[in-house]
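Respectively, the protein sequence lines represent chains A and B. Just so it is clear: in the first sequence, position 121 is 121 by the numbering used here, and no numbers are missing. To get the numbering used here, take the position in the second sequence, counting from 1, and add 1000.
These are calculated hints, taken from the structure and not from any lab test. It is possible that some hints are incorrect.
Cβ-to-Cβ under 10 Å is the rule here; a few derived chain A residues that face chain B [said to hold, decoys possible]: (1) G48; (2) R74; (3) T81; (4) V86; (5) Y100; (6) W102; (7) P105; (8) T110; (9) V134; (10) S138; (11) G140; (12) Q141.
With a cut-off of at most 20 Å between alpha-carbon atoms, the simulated SDA-like pairs for lysine to any residue come out as follows [unchecked claim]: (13) K27/A x D181/A; (14) K51/A x S1230/B; (15) K27/A x A169/A; (16) K51/A x A1233/B; (17) K51/A x F1179/B; (18) K51/A x R1232/B; (19) K51/A x E1221/B; (20) K51/A x G9/A; (21) K51/A x P1010/B.
Now the stretches of chain B that chain A is said to cover, found in silico as 3 or more residues with beta-carbon under 8 Å [stated by the list, open to error]: (22) 1026-1035; (23) 1203-1214; (24) 1225-1231.
Just so you know, even glycine gets a beta-carbon here, dropped at the ideal spot from N, CA and C.
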Amino acid sequence: MRARDLSAGYGRREVLTGVSLEVEKGKLTLVVGPNASGKSTLLKTLAGILKPLGGVVLVDGREVNRMGGRERARTIGAVTTSRPQVSEMTVEEVVGMGRYPWTGPFHLLTPRDREAVERAMEVTGVVHLRRRRVTELSDGQLQRVLIARALAQEPDYLILDEPTTHLDAPSRIEVMTLLRDLASEEGVGVIASTHELELALRFGDKIVLVSSGTVKVYQRPEDAVGDPEFAGAFSVGRSISLSPVSLSVEVLQRPRGDAPKAFVVSGSGTGPPVFRALVRGGYEVSAGVLHENDIDYHVAVSMGLEVVSERPYFPISEGALRAALERASASDLIVFTYPPIGPLNSGNLRLLEELLSMGLEVYGVGSSRTYDVPGLRVVGSVEELPIAGERRISVAPALPSWSGTRYTGSSPRSSGSSRDRSS
Amino acid sequence: MRRYVLPVLPASLLGSVLLSAATGSVKVPLESVIGGLLGFRAEGLAATVIDLRLVRTVAALASGASLGAAGAILQSLFRNPLADPFVLGISSGSSLAIAATLIAGTGLGLISSYDPQALYVAGALGALAVSLAVVALSSLLRSVLGLVLVGVMLGYLASALTTLLVITSDVERMRAFTFWTLGTFSASKWSVVSSVLPIAIGSLLVSLLVAKPLNALLFGEETAASMGASVRASRVVAVAVAASLVSCSVVVSGPIGFIGLAAPHAVRLLLRTEDNRLIVPLSALVGAELAVLSDVAARTLMSPLELPVTAVTSLFGAPTVLVLVMRRWGIR
Chain A
1 MRARDLSAGY GRREVLTGVS LEVEKGKLTL VVGPNASGKS TLLKTLAGIL
51 KPLGGVVLVD GREVNRMGGR ERARTIGAVT TSRPQVSEMT VEEVVGMGRY
101 PWTGPFHLLT PRDREAVERA MEVTGVVHLR RRRVTELSDG QLQRVLIARA
151 LAQEPDYLIL DEPTTHLDAP SRIEVMTLLR DLASEEGVGV IASTHELELA
201 LRFGDKIVLV SSGTVKVYQR PEDAVGDPEF AGAFSVGRSI SLSPVSLSVE
251 VLQRPRGDAP KAFVVSGSGT GPPVFRALVR GGYEVSAGVL HENDIDYHVA
301 VSMGLEVVSE RPYFPISEGA LRAALERASA SDLIVFTYPP IGPLNSGNLR
351 LLEELLSMGL EVYGVGSSRT YDVPGLRVVG SVEELPIAGE RRISVAPALP
401 SWSGTRYTGS SPRSSGSSRD RSS
Chain B
1001 MRRYVLPVLP ASLLGSVLLS AATGSVKVPL ESVIGGLLGF RAEGLAATVI
1051 DLRLVRTVAA LASGASLGAA GAILQSLFRN PLADPFVLGI SSGSSLAIAA
1101 TLIAGTGLGL ISSYDPQALY VAGALGALAV SLAVVALSSL LRSVLGLVLV
1151 GVMLGYLASA LTTLLVITSD VERMRAFTFW TLGTFSASKW SVVSSVLPIA
1201 IGSLLVSLLV AKPLNALLFG EETAASMGAS VRASRVVAVA VAASLVSCSV
1251 VVSGPIGFIG LAAPHAVRLL LRTEDNRLIV PLSALVGAEL AVLSDVAART
1301 LMSPLELPVT AVTSLFGAPT VLVLVMRRWG IR
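All chains, full assembly: derive it from the sequences and hints.
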């Protein structure tokens, strides 16, 4: 299915112009974009429900808009956002309605039709629901049934408008998985719009961005992530970042001038939960020394943290160590996350020794740590770390004012646990 | 449930036809009724009585079936459980057009006193006009009750105009007509019934073809279009068929309320289905039966006085509406 120089909209109002894209069989194409950007308009036009204002949509060289209703329905199936008023219909009847373009004037199902209905129910996993009435279904089940209805048309292409909206988290993933399987296993060309950026990046073979009146097609999710325009379409004033490696969305740290500073010594995936907790807690977080091939480095950079780093597979250099020491000693909070230590990153242990010898307090977070570092103040979890603004850690190691400030905070959980420790 | 309902419905319809032929001020034994219906052993007074009762029974069957099917189509088309030819003012619009044609036509000598086919055409056009007005308004009114209110008001308007016409015209000629505007089967004549019956049957057959696209439209316009239904054409045909059915009913018996409303609900309740392929034909069946039974009640409740049939249908119809409204918008 190919759209060429398509203009789409309602009446005389053009919503999208200059749209050229291809929906391939066997691939899942996901359409993302801000609200009211024209995702639905695009899909309805591709499905032949809306007439294009300009340009054409072609399937195997035939213009969708010139096909008869039945022929089009045998080629393209659609699942729209409108809620069907078929509460008393059974699942089997609803899926059976998908045979509409194949049946005669009385819609009597032949054995061939029944076979197609059966197959559609099998593929979508709703066979066991066949006698249930629509009112008795969960939202996720209903969505699968509606997809089965469209599949019963035996279309080459399936177009879905926001199929995961209004669904709970497990159902969203279920529906996305189903769409991907329909593409890869059944060979259907699937195109769907979604609000869920991260799901789209993970499940989509191809990504289409609808934004500011036109579309941009990315052949791989990685290409989308690498495009600043893509992240820009979703983020208000650069509040998020997209990771090209993990295809994940990170909340960017927004530096405030007066925020207390935290420094995290981590590695091998032990750092990200601490980074996020501290950023949430109001700290301006930096990390080090991290190797540039360490997952912690990657996450820290995605979150917009300052990182003291070392080249991959090189032992930590004196220069990096000095930079880390400087940054850490100027921080209000220093945290160690007990990463695995080997010859290449053993420099970090020296960093800790230096910091402790300066009389600074270093928190150790790690309930399942496999080794100890003497002199650390060990807490069980990130929640037990002091939260910024509540109890700002002074650089002075001895802190006689602990008990006096204990209850001034607003987080009962962290103050509760620190009380347990001190008693 | 379906297994029991499907054979019971035609059987009970047959029963009510027999009942209708047998009951009245003159007692006719059941065997003469059956014999008369089968076309033999009818003689003397019994034959006359059976013939009279048979006319109105057939009129009730045709009118009720038309209203039942029309009601089912309108409810599905407007997605409104309260839709009905009478509630939406379509019956009244139809009778206004028929009254106007009758008065103008006979006054100017264009048609003979009571030309059923000309009146059918006029009635269908009147029904169509009101239907289109309701369709136009329904796209503006999102509320189900709002649409009903508009329909009821259109109905009142049409009825008032009909009354004006009838009162200002030749009293003698309009006497029978006055009773007709209230809805009745008592004035039925073979000449009228026999010429409208084929049109009613034809319209009912077409209504069966509308069921499939109506089912698709339950999924919403866009989904219906994606399934291969021609949305606009189906709507036009559905409205036209409903108008034709309403006109058949009105020509035969004047505007009769609530049968078109109650019959589809009875079918849905009995079969628990949304499938218009079942609802439309079975509503015709149930509508026919309701009309015949209502006619029997109209004849017997206040005997020897005869009630307008709408008075009887309102007795069961109005509470039905109340229950539907309560269930959907009432106390929670």
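Hints versus structure:
Because the closest C-beta pair between G48/A and chain B is about 8 Å apart, less than 10 Å, the hint holds. For R74/A, the interface hint holds, since its Cβ comes within 10 Å of a Cβ in chain B; the closest pair sits about 8 Å apart. Of the supplied interface hints, the one on T81/A holds, with its beta-carbon coming within about 9 Å of a beta-carbon of chain B, less than 10 Å. Because the closest C-beta pair between V86/A and chain B is about 5 Å apart, less than 10 Å, the hint holds.
With its C-beta approaching chain B no nearer than about 4 Å, Y100/A sits inside the 10 Å limit, and its interface hint holds. Here the hint on W102/A is kept, as its CB sits about 9 Å from the closest CB of chain B, short of 10 Å. About 5 Å separates the beta-carbon of P105/A from the nearest beta-carbon of chain B, less than 10 Å, and the hint is met. Given hint, T110/A at the interface with chain B, is violated; its Cβ is 15 Å from that chain's nearest Cβ, farther than 10 Å.
A hinted interface residue such as V134/A counts as satisfied when its beta carbon comes closer than 10 Å to some beta carbon of chain B; here the least separation is about 9 Å, so the hint holds. Annotation: interface hint on S138/A violated; nearest CB of chain B at approximately 19 Å, more than 10 Å. The criterion of a C-beta within 10 Å of any C-beta in chain B is not met by G140/A, whose closest approach is roughly 19 Å, and the hint is violated. For Q141/A, the interface hint is violated, since its Cβ never comes within 10 Å of a Cβ in chain B; the closest pair sits about 17 Å apart.
The suggested pairing of K27/A with D181/A holds, with an alpha-carbon distance near 9 Å, which does not exceed 20 Å. Of the supplied pair hints, the one linking K51/A and S1230/B holds, its CA atoms being roughly 14 Å apart against a limit of 20 Å. Straight-line distance between C-alpha atoms of K27/A and A169/A comes to about 23 Å, which puts the hinted pair past the 20 Å bound. Of the supplied pair hints, the one linking K51/A and A1233/B holds, its CA atoms being roughly 17 Å apart against a limit of 20 Å.
Between the alpha carbons of K51/A and F1179/B the distance comes to roughly 53 Å, so the proposed pair goes past 20 Å and is violated. About 15 Å separates the Cα atoms of K51/A and R1232/B, which keeps this hinted pair within 20 Å; it holds. Under the criterion of a C-alpha separation no larger than 20 Å, the hint pairing K51/A with E1221/B is consistent with the structure, at around 15 Å. In summary, the hint linking K51/A to G9/A is supported, as the alpha carbons are separated by about 8 Å, within the 20 Å threshold.
Restraint check: the Cα-Cα separation between K51/A and P1010/B comes to about 47 Å, which exceeds 20 Å; the hinted pair is violated. Remark: the region 1026-1035 of chain B is not confirmed as covered by chain A, as 0 of its residues place a Cβ nearer than 8 Å to a Cβ of that chain, below the required three. Only when three residues or more bring their CB closer than 8 Å to a CB of chain A does the claim for the region 1203-1214 of chain B stand; here the count is 4, and the claim holds. Check result for the region 1225-1231 of chain B against chain A: holds, 6 residues qualifying (beta carbon to beta carbon below 8 Å, three or more required).
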